[in-house]
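Q: Residue numbers (my numbering), protein chains in the order written: chain A, 1 to 268; chain B, 1 to 602.
Treat the hints with care, since some could be wrong.
[Stated by the list, open to error] Across the chosen pairs, the derived CB separations fall in these ranges:
{"#": "1", "chain 1": "A", "residue 1": "A51", "chain 2": "B", "residue 2": "I302", "range": "56 to 62 Å"}
{"#": "2", "chain 1": "B", "residue 1": "I302", "chain 2": "A", "residue 2": "S235", "range": "49 to 55 Å"}
{"#": "3", "chain 1": "B", "residue 1": "E567", "chain 2": "A", "residue 2": "T254", "range": "41 to 47 Å"}
{"#": "4", "chain 1": "A", "residue 1": "Q170", "chain 2": "B", "residue 2": "E307", "range": "47 to 53 Å"}
{"#": "5", "chain 1": "B", "residue 1": "D42", "chain 2": "A", "residue 2": "A51", "range": "52 to 58 Å"}
{"#": "6", "chain 1": "A", "residue 1": "W263", "chain 2": "B", "residue 2": "D488", "range": "23 to 29 Å"}
{"#": "7", "chain 1": "B", "residue 1": "R441", "chain 2": "A", "residue 2": "T254", "range": "27 to 33 Å"}
Simulated from the structure, these hints should not be mistaken for lab results.
What you are looking at is a predicted structure, and each value in this text was computed from that prediction instead of being measured.
Heads up, the beta-carbon is just placed ideally off N, CA and C, and yes, glycines get one too.
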Amino acid sequence: MRCLTDSGKITTDIDSLRSEIRDKSVRVIDVRREDDYKQDHIPTAVNLPLANLLSDDSPESVLKLMNSMGIDNETSVVVYDDTFGALASRVAWTFEYLGHSDVTLLETTYSNWKSLELESDSKIPEIQPKEHTLNLQPNILATADYLQSAKERNDVILIDNRERLNFLEQHIPGAISLPYRTLATKDKILRPKDDMKRLLENRGITENSEIITYCGSVGTLSGLAYYALKSAGLSNTKLYVRSFKEWKNLQKPTEKQEDASYWDLSAE
Amino acid sequence: MTVSNLKQSRPDTAKPKINWSRVEEADNFAKTVKLYRQGKYDEDSFRRFRLQHGAYGTRMTGDYAMVRIKIPAGEIYPNQLEKISQLSEQFSIGSAHFSTRENIQLHWVVLEDVSEIFRGLTEVGLTSREACGNTIRNVMCSPLSGVCPDEEFDSTPYALATARFFLRNPMVQNLPRKFKFNFTCCEKHGMVRMVDVGLIPQIREVDGTTQRGFKIFLGGGLGNKSFVGYQLEEFTPEEDLVYTSMAVLRIFDRLGDRKNMARNRMRYLVNDMGWEKFQNLVLKERAIVRATQSVITQLEVIHTPNEIKRPIRITDESGTSITDGYARWLKTNTVKQKQANYRSIFITLEAGDITASQLNALADLIRDFSSEGKARFGFVQNVALRYVHEDDLPRLYSNLLESGLAKSGALTMTAPIGCSGTTSCNLALTNSHRLAKEIQRKLLELKFDEDDDLSDSSIKISGCPNSCGQHGIATIGFFGGGGRVGKDMYANYQMSLGGRSDGDTMLGLTCLRVPAKRVIPVILKIIEIFKQNKKSDDTLQSWIHRVVNNNEDTEIKSINDIKKVLEPLTIPPTKEEDPDFYLDYGDDTSYHTKTGKGECAA
Ligand code: HEM
Ligand code: SF4
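With the hints as extra help, turn the sequences into a complete structure.
A: Written out as structure tokens, the structure is:
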């Protein structure tokens, strides 16, 4: 079985995806809302709105979804969205967690695909269901309990991927701020590898550490960060998938930047 | 076929003429931050280094910086705005801040990311080098230079050349203190008497030939103690511009106070020495500079004229309905240029803050509407689009509305200035930034922007006595401090009246202290008594000018009379009567003063 971290491939570029579609060697997943998908989508793509996945993301039920989309252990999967790759990342990460390693993100968003005037259609493909085995990868998941104890270790770096103002207002103690916008360029969902590496290195985020990412609620922004880190070669990364929302609900301690009215600097 | 990277943004009509950036400075900065974090660079040298590169410290923390991007002469191009938009989302708070000195500031930047901002800026030719620190700060130019009906010639090329001559120049890397140049178009629009070197372009007729030159003012400036500048000589010919600047800088470098941080701006030197002595020194030094230059040093003034080309319409002309706000906006935000059929339009932002998406919108508006293909920063945390054809104004207005950039009153008193205050500044005592926003909202709600009596007045607010908000030259100025009732503290402002920065430049006179939550009622009261007592052709500014100079003959004869009327409004209630009084704007915890280490002199 090909392993994603071995091949090091995180994203699939536009041209490769087009030829894989022509070769019928790929399952493309569109993570936008159903209405948008019905209008048009990348040819052969199946629709998996993130809400459908989140409504029950227990391994058994996600496995059923994968089977129904015709994905078995050998299927090559490419995921895209129109939300700068964050929703696609959350889906890809979930597949990876279940043990499907051959999953990558389309390097760009659907809007960008359209603005390049690439092919799209509104056909809904017929899918032959398949059987995927379950092979959970707990090493890429951080739970609240895990985070709580890992946080105390020196070799663990906790990264908050929400916007800077939200971070200043409240965050998990010890976290550092890396807003999700930092991860992308103007037309790619992830920065070039060397660029990303330099930026992380400046921040002291190196492969000697275990890294845990989190964001506001369901692990989308931090899912993108999970892949950004992997793309820079930092494979010892976990996603705190229930993120800050759960942390607060559990009434665990939080921290804030004191004595400054930073919100009043925002023009929003 | 490879299709990626084919997507093109709209072509720019104008491109920056000068590249101010150097990519090696980004690498160097990143390296230095690492060494500093490893303890291999002491605190003081690091701070000097950081400021020289345009990064300030941030309130109550060593982890964040503010990056001040210089926009020399205030000229900015669409691709530069788009880059700054992106950088603000990646490394700052998703908003940027337009300052009073033609800089753009990104706040709450992680210190380790500052070098990434530098790197991004090199892609569009911008720098923050020497935006802070003891060196020559951004060289300003009037936003109307080149289009002002009253100017003798356009000083923009001279401002750019001066900025280029001094940037990274070894001569100015370690001055006693910061040093500022302001070029203007005419007497009315500049700020030439409130700056180290202020310049007004002038044309002289000698033996039938015309000669370009400047009226130069030296030794002015705002601060804890403010001074008005002196005119050096009748006329300084353009060839002497560089020699005069060098002479002044050499004297300041040699004689300026390097010990007493509170008194080391050049204005103190001028004041201590006396103007005549200083003036003589400058003239002598200039003769020496001129004689000792081994080759003739001259500024590289680029005189190629800007291309003025009305953008082509691709979109449909119909369907723009003129909304109610249009006339109001046209009156309070636009000025006629000396070029027929063109106007300059001003965009006012709340205390200079602009979102990332508004920056992108602004870039597109420049491409679609400005015949010169660039924009100009103003002096009051604002920006101007110039060379907009009059026929395009209604459509521009509706586009501005869509992006939330059509706020009226840009050229009136309803657009106050507020420094950063407690939103990010280490020395701040009050949230001057938010107060400016609150005042603007209130005055616009009352439609005071449409009142001609108020249009030439101004409101400016600083969060402490340091004057970054320029309160000293405001018609109504405020600087922040703390007030106290028993053990309870509240945000309090010292109010001054009658300041101005035009040909009649004077600093406002202290009137009284006004609690933060009473500032708006006090402003409204001042307007009310002005209306009761004004002469028919008075503006608020002319009336206050008479009052503060004791030339008024109605019942309000002096600043003291104004104070008496206002005093009842400023009496603090008890905490039980009005708990809100004890909270500063934007803060839900009770007010206390708290400051960190200031870096103004560093
Ligand atoms: C004792 C310390 C300081 C003094 C005396 C001082 C003085 C001034 C003055 C006089 C101005 C007006 C500029 C002009 O129109 O000529 C100014 C501008 C400004 N200052 Fe300060 N300042 C100090 C510290 C700071 C600090 C700590 C900050 C925050 C990091 C700050 C932020 C600003 C900003 C944002 C401006 C707007 C103009 C620009 O773009 O340069 N200042 N300062
Ligand atoms: S006036 Fe005071 S509070 Fe405002 S920016 Fe300057 S130092 Fe800070």
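Q: Determine which of the earlier numbered hints do not hold for this structure and return their numbers in increasing order.
A: none
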